[in-house]
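> What follows is the residue order along each chain.
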Amino acid sequence: LEAIEVPNSVPSVSLAVTGALAIAVLLTQFALLRTLSIEGVVRIYAIQSLGVGLFTIALASFTGNNDLYVLGGLTVVIKVLIIPAVTGRIVRRLGIEDRIRSSVPVPQSFLLAAAFAALGFVAAMRIHAVTVGAPADSLGAAMAVVLIGFFLMTARPNAVVQLVGFLTLENGVFIASLSLAPSLPVLVGVLLLLDVLIPAAAFIVVIQVLAVRVRSAHTDELTELRG
Amino acid sequence: MIPALVCVGLPIIAALACLLPMPVRARETVTVAAACGCATMTVALVIGDGLPIRGFADSVYIDGLSLVLALTVAIVYVCASVFAVGYFNVERRDQDFHIYSRRFHALFNVFVACLFLVPFSGNLMVLWIAVELTTVTSALLVGLERTTGAAEAAWKYILIASSGLVLGLLGLTLLYFAASGPLGSTFNPTFPVFLGAAAHLAPDATRLAFALIVLGFGAKAGLVPMHTWLPDAHSEGATPVSALLSGALLADAMYAIFRVYPIVARAVGSAYPTTVLLLFGGASLLLAGFFALRQTNLKRLYAYSSVEHMGILALGVGIGGPVALYGVMLHVVAHGATKALAFFGAGSVLQRFATKDSRRVRGLSTLMPGTAVFVVAGAFAISGLPPSGLFRSEILVAVGAFQRNAFAAGAVLLFCVSLVFIGILRLVNPMVFTPAPSGQERGEVSRVMVLAMALAAIPAFVLGVMIPGPLDHILHAAATVVGGGR
Numbered sequence: 101l102e103a104i105e106v107p108n109s110v111p112s113v114s115l116a117v118t119g120a121l122a123i124a125v126l127l128t129q130f131a132l133l134r135t136l137s138i139e140g141v142v143r144i145y146a147i148q149s150l151g152v153g154l155f156t157i158a159l160a161s162f163t164g165n166n167d168l169y170v171l172g173g174l175t176v177v178i179k180v181l182i183i184p185a186v187t188g189r190i191v192r193r194l195g196i197e198d199r200i201r202s203s204v205p206v207p208q209s210f211l212l213a214a215a216f217a218a219l220g221f222v223a224a225m226r227i228h229a230v231t232v233g234a235p236a237d238s239l240g241a242a243m244a245v246v247l248i249g250f251f252l253m254t255a256r257p258n259a260v261v262q263l264v265g266f267l268t269l270e271n272g273v274f275i276a277s278l279s280l281a282p283s284l285p286v287l288v289g290v291l292l293l294l295d296v297l298i299p300a301a302a303f304i305v306v307i308q309v310l311a312v313r314v315r316s317a318h319t320d321e322l323t324e325l326r327g
Numbered sequence: 017m018i019p020a021l022v023c024v025g026l027p028i029i030a031a032l033a034c035l036l037p038m039p040v041r042a043r044e045t046v047t048v049a050a051a052c053g054c055a056t057m058t059v060a061l062v063i064g065d066g067l068p069i070r071g072f073a074d075s076v077y078i079d080g081l082s083l084v085l086a087l088t089v090a091i092v093y094v095c096a097s098v099f100a101v102g103y104f105n106v107e108r109r110d111q112d113f114h115i116y117s118r119r120f121h122a123l124f125n126v127f128v129a130c131l132f133l134v135p136f137s138g139n140l141m142v143l144w145i146a147v148e149l150t151t152v153t154s155a156l157l158v159g160l161e162r163t164t165g166a167a168e169a170a171w172k173y174i175l176i177a178s179s180g181l182v183l184g185l186l187g188l189t190l191l192y193f194a195a196s197g198p199l200g201s202t203f204n205p206t207f208p209v210f211l212g213a214a215a216h217l218a219p220d221a222t223r224l225a226f227a228l229i230v231l232g233f234g235a236k237a238g239l240v241p242m243h244t245w246l247p248d249a250h251s252e253g254a255t256p257v258s259a260l261l262s263g264a265l266l267a268d269a270m271y272a273i274f275r276v277y278p279i280v281a282r283a284v285g286s287a288y289p290t291t292v293l294l295l296f297g298g299a300s301l302l303l304a305g306f307f308a309l310r311q312t313n314l315k316r317l318y319a320y321s322s323v324e325h326m327g328i329l330a331l332g333v334g335i336g337g338p339v340a341l342y343g344v345m346l347h348v349v350a351h352g353a354t355k356a357l358a359f360f361g362a363g364s365v366l367q368r369f370a371t372k373d374s375r376r377v378r379g380l381s382t383l384m385p386g387t388a389v390f391v392v393a394g395a396f397a398i399s400g401l402p403p404s405g406l407f408r409s410e411i412l413v414a415v416g417a418f419q420r421n422a423f424a425a426g427a428v429l430l431f432c433v434s435l436v437f438i439g440i441l442r443l444v445n446p447m448v449f450t451p452a453p454s455g456q457e458r459g460e461v462s463r464v465m466v467l468a469m470a471l472a473a474i475p476a477f478v479l480g481v482m483i484p485g486p487l488d489h490i491l492h493a494a495a496t497v498v499g500g501g502r
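Chains as they are written, first to last, in our numbering: chain G, 101 to 327; chain A, 17 to 502.
Only chain A is shown next, with the shape it has when bound in the complex (with noise of 0.2 Å):
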């Protein structure tokens, strides 16, 4: 329990130290180094045992899929605050910015403090509140970007995701109302209590409140249609951000579906919230396949690639089976490493260059061969190609979905990665493999953005290789609790 409460509280801490007057370097410190500490206390979470951890009359409750999106977070955490103090050496360093940086580390750490409260809440409402929480701090960092399109970014943001997750409240409390016939009108709303009585929930309130849960939380995971919000979020806040927000962020909204998706398919039988996932993680692949190829700029390309990966979880899930459900767990934790080395990369570029339109980009290899390298890197692995830790998760849903005769699925799903994949070759390879123009200068942006790549590459290709032993218990467990323990 106390390494929960440490990765909740640390970010708080730093928070607070971040608020106070000190040099920029010095709040850079502390978040990197509460970073650590997080991502210490995640690793210790995984290899110890003891799970489930319950506190607090169960609100908090922790297994193996906690602990999937915890890690997830403390991965993003760590790369990002590294990645943050070479963006924003190079950025600005006048007196306006260090009252940027007061805000932009205070609100950092919060932002991830919540992003740890939502795998370890144990109680649907808690789980709710700590969502929302993480939507008021996230947009308030990307409308931090002090510009025109920043603002109408944050704007959309905070409209869409919060109407979606006063959709998802209705859809909780619906579910509760389902439950008050076995568990009488007063109970305690967390995850075992509602797998307990699953069997005898009102079916009909039980389909409507998932139909509501997915379309709220599907909001904020980007799920098509309610992800016009995510390119804009994305592309406009700061990289260390866009990192967060697309690697850490879109997979806690997930989590409630992941959640209440074994409680529903008890109660309803699998056919009805197996059909609603797959049809909007369909949707989602389909959009972005197709909006993919049609982007300029590559952090908005790498949003899209992101509602397609929301898409991959949600269609891993309506396919069900061991098989696919393992490949899920991997996909979250992959997706998380994978996609913050891809938006550095993108960032460190754009930021050189000055541009959002990726097509001025030219002459990467000559000018910033570090990065490149890099670019490169994350652009194959976000890709799905192996020896990728996404190829590995991919090709895993891909094979459960032929395994369980849903053919289809598996066709989307390996049709739409290509597409993507089509998109981002079309923009990174030009970008790369092209002559330097004349009079650039050559030299990395700064160091510390290569290294918070390197890092970020790490778990990206690791897990592509070999999955450590306790990881794989852990992604087992987190399986196993989405099928409903079949």
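Chain G on its own, in the form it takes in the complex (with noise of 0.2 Å):
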């Protein structure tokens, strides 16, 4: 196994800050699971989107770099504010239930999370064993981030609830990519930002056309179309 080392590499502290910062992201994760209502769950993703912000940040302060600080802030008002503003908005004005179906059942949820967790950090382990600056505990938050997020869209057939995860996707990635390349051209990181409104747009757009024809946004009432 070859080990390579990564130029600008942040100090421990910062590693530290940052990794615990992660994890709190990865708490809020646990949180969406637990929450069975609309309204919780789309502040819930403000609350986990506040930390994906501060979590850029922190990181602009130890290396210096002076653009995460702008992306951080995007983050905030893009993510914390405008997101749940709309998603809100529209909930509310198509009348749709608050009340989310589950699948699965929360405490076996929160079984099943917990070993996808696991599993996030081994493969974050498995990379920072080989490469030498890759931060095992932010990295690890985020795979974990990423396979709940996917398993919170399988396990709640609901649309606000599977627009939301696919939005802590996006977060979890969005850290991914910060821990392992902080240096990402800043200009590629913000349209990555901007890239969130897009499938954002798309999705209200179509949870309108579901409260319109089902008139509610549970998607496991659609089932016209199989095999």
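In case anyone wonders, no lab produced these hints; they're calculated from the structure.
Given the structure is predicted, the values throughout are model-derived calculations rather than measurements.
Built from N, CA and C at the ideal position, the CB exists for glycine as well.
Among the clues, some could well be false.
The calculated label-pair distances, taken between Cβ atoms and stated as ranges, are [claimed, not checked]:
| hint | chain 1 | residue 1 | chain 2 | residue 2 | range |
| --- | --- | --- | --- | --- | --- |
| 1 | A | G459 | G | P205 | 57 to 67 Å |
| 2 | A | G200 | G | V206 | 43 to 53 Å |
| 3 | A | I438 | G | S203 | 34 to 44 Å |
| 4 | G | G140 | A | L467 | 51 to 61 Å |
Dock chain one against chain two, each of which comes alone in its own frame, and use the hints as you go.
Following this line, the structure appears as structure tokens:
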């Protein structure tokens, strides 16, 4: 196994801080699994995104990369303020039922999510073991967020939760990307951030169609296409 | 560089024009004109020399591989824009339709602009954004059809494709990370830069990155097991959209894999990426083969055939070698034209009989003789029968497999192609060669639709007989790019 040295690798104190923030983000992912109310899910997503924004800003201060401050600020504006506000308004306007049906009960969801989290950390350790400079804590948390995000999307057949599940996937990949390559050209970072708006907009349109057609956000009622 | 900018810019201008208040006919004319303009520019790029074309700090990078994809998009764009004129002429002409037409034509053109942007992007991140944009625009196009089925299809599509692409992004970031050893922590992630440093990439991170990229972009390309959105979206969208989705969009998603494959093969040796592609390709072929046998909706059957053809592309790259790779490149172009032809035929028939169940369609050869000819031609061509372009490309991939002793891959290919052929024959034969039910009026749905089918049939069959010199040149160039210059 070949080990490579990554230039400008961040010192250990900052690794601890960013790692802690990433784990805080992971905890909100568990909170999402526990919540069976649409309003609650949207609120927790906003809190999670705040964690992602703080993570970016912390990384900015430790690496001295000023562009990351901009990215962090944009994250807060878009993911903490705009997306939750727009989603909440649409849910209220369409009068979508607040209760979330669950195809996997909460306790079982927790057990499965814990297994996914462990898997995420194992994967991160594997990368960490062969490449010096890959931050195992934040990378592991990010991988776990991604895996649990996928699980959330399958365990809750509700359009709004699936939207939020998808957005948490993006949050996970965002943290993973920043952990791996904090110097990824910032223009690309900003484009990725703006890209969140595009699927969000499309999701919202589709949710509207669903609500008009089926009068609920339960995607398990959509069973016309099979085979 | 200018023709490439026109290919992306012209559809956007057309889209903006379509938003203005104007008659439906004017929107259709604008779209057909934009398509012809883009096709002319693409042909200019194919005939011209001076490849690779680079610009905007290598964010735009055009070589033979890019042109194979751009040509495919251009062919399907022209045929689909002509087909749409006839398709909507029959569909409806009420006040609601004006609103629908404005949205449809605007989105349709923006979608094509994104489809052109994919092969012209020279930077991994720009490529990702372009592919993501195609998802959004095309999902909205599918969602435009105001049926519960379309809403369900659009929802599934955007959920699976976007989640897949997020994994793809993680893969691309890992690849960037793997290259930060030799290239430093700040570099422009363009293909030439990656290829130059490929020998020094961190191997484990590169392996994981490739798996994520194939999984992510494979979801978008409809590779098994991430294909579940594809039959729904392709059968629920309007027929011109189905043609673009199947003929152009899937190949665009495969393009990302074509680009990354030579980098990974150089970094970790070809055994690993080859195995990954052979597995995904083989699984897609097998599943599509068996599912094709039980379909009753012709559009859905052709959607499974797309899964099969994307499987052939993955399998062909996995087999490797100049013969199979040339076959893969020819397959991209031929599949685009042929799938457009096949979908147009299916769409015309299902529209005339107002049903999605093809078993209720009878007597096509009597009722719609013009359409029947192209339905049969499309069915034969998409099954890879001679003298179609797909026959030639599939034979090349199979020959490539046997030359390189990849006997299992060659056998799977030939077996599954036969399965899909049986599935298609089972459905199409009774539609066409049966007596017409009494009381049905004879006549085509629309002559313009027949014209569009004729247009698509030209490349679908000509490529089986001859390959024009400039096209042969770029196919060779593209095969060399995917083969890593070998």
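> Look at each hint and say if it fits the structure.
Comparing the hints with the structure gives:
1. For A:G459 and G:P205, the Cβ-Cβ distance of about 59 Å falls inside the hinted range of 57 to 67 Å, so the restraint holds.
2. Between A:G200 and G:V206 the C-beta distance comes to about 47 Å, which sits within the given range of 43 to 53 Å.
3. For the pair A:I438 and G:S203, the beta carbons lie near 37 Å from each other, so the given range of 34 to 44 Å is met.
4. Roughly 56 Å separates the CB atoms of G:G140 and A:L467, a value that falls within the hinted 51 to 61 Å.
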